[in-house]
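Chains A and B supply the protein sequences, listed in that same order. So the first sequence is numbered by the working numbering: it starts at 1 and just counts up by one. So the second sequence is numbered by the working numbering: it starts at 86 and just counts up by one.
These aren't lab readings, by the way, just hints derived from the structure by calculation. Treat each hint with caution, since some may be false.
What the hints assert, rightly or not - Under the rule of at most 25 Å between Cα atoms (straight-line distance), these lysine to any residue pairs were calculated in the SDA-like manner:
id : chain 1 : residue 1 : chain 2 : residue 2
1  : B       : K103      : A       : T62
2  : A       : K2        : B       : K103
3  : B       : K103      : A       : P11
To be verified - To be clear about the criterion: a stretch of chain A counts as covered by chain B if any three or more of its residues have a C-beta under 8 Å from a C-beta of chain B, and this derived list gives those stretches:
id : segment
4  : 7 to 15
5  : 58 to 71
All C-beta atoms in this analysis are idealised placements derived from N, C-alpha and C, irrespective of residue type, glycine included.
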Amino acid sequence: MKIMTCPVNGPRAISEFAYGGEIRPMPDPATCSDDAWADYVFNRNGSPGVKREWWCHTPSNTWFVAERDTARDVIVRTYLYAGDN
Amino acid sequence: MSEIVFENVSRTPRAGVKGPGAAAWLTSLGVPVPDLPNSWLPLPGGLVARLGLTEFLVEGPEAAKLAAPPVHGVYPVLRQDTALVLKGARLNDLLLETCSVDFRALDRAARPVVLTSMAGVGVTAIPGDDAGVPCIRLWCDGTYGEWLLETLAGVAADLTQSSQSHHQGATS
Numbered sequence: 001m002k003i004m005t006c007p008v009n010g011p012r013a014i015s016e017f018a019y020g021g022e023i024r025p026m027p028d029p030a031t032c033s034d035d036a037w038a039d040y041v042f043n044r045n046g047s048p049g050v051k052r053e054w055w056c057h058t059p060s061n062t063w064f065v066a067e068r069d070t071a072r073d074v075i076v077r078t079y080l081y082a083g084d085n
Numbered sequence: 086m087s088e089i090v091f092e093n094v095s096r097t098p099r100a101g102v103k104g105p106g107a108a109a110w111l112t113s114l115g116v117p118v119p120d121l122p123n124s125w126l127p128l129p130g131g132l133v134a135r136l137g138l139t140e141f142l143v144e145g146p147e148a149a150k151l152a153a154p155p156v157h158g159v160y161p162v163l164r165q166d167t168a169l170v171l172k173g174a175r176l177n178d179l180l181l182e183t184c185s186v187d188f189r190a191l192d193r194a195a196r197p198v199v200l201t202s203m204a205g206v207g208v209t210a211i212p213g214d215d216a217g218v219p220c221i222r223l224w225c226d227g228t229y230g231e232w233l234l235e236t237l238a239g240v241a242a243d244l245t246q247s248s249q250s251h252h253q254g255a256t257s
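Please build the complete structure, drawing on both the sequences and the hints.
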């Protein structure tokens, strides 16, 4: 069984979690180029490596950040989102 | 006779509240607040549970206090849960079959609240014991209640049947 650690609820089976996508800064649609906006909307980074991703512990609806190494299939760490700074 | 007894306590009054001001608001109403996330405190005829960091569930007569108008940073949470109490000597076998949390490993003295998935349904659970017999209090989304109850009762019946078969095999 694969285990992920929720920052609030602790280690749980991966079946209790839902993937929310990679964290990607959104460009300002009012000022960025069409190419930059299209890249943000349509393209995803599929290269293996450490990704910062949104995950949700579904029984408690706790959203948090997971750093996951997709090359080694290892969850590096998880933590609550602390803002954009 | 089933070795695990089910009681549907959904009609017990309950209310929920969440938000950054929820803890202070409950304190101002005279409702004690558990210090730690995912822990609970007993109330007269009920309990107050802290779900995560800033959400609270109050059950029992004290839930009426949450009818007071909320202040800034406090948001009511509609609680139309199905609430069950399961009790029996083989309760832990049922939990092992339907859930990935090992409830035996929890420190009951710390009054833990566990938010997990049971038979695929998100539940809030408080384990305990009643005169030495293991019991657990469960809340789940009311729309899943009947399915969860039937599923758990089915697993409990299988456990009872298997233990009776084992007992008959041992005595024949």
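Quick rundown of the hints versus the structure:
{"no.": "1", "hint": "B:K103 to A:T62", "in the structure": "holds (13 Å)"}
{"no.": "2", "hint": "A:K2 to B:K103", "in the structure": "violated (31 Å)"}
{"no.": "3", "hint": "B:K103 to A:P11", "in the structure": "holds (24 Å)"}
{"no.": "4", "hint": "7 to 15", "in the structure": "holds (count 5)"}
{"no.": "5", "hint": "58 to 71", "in the structure": "holds (count 4)"}
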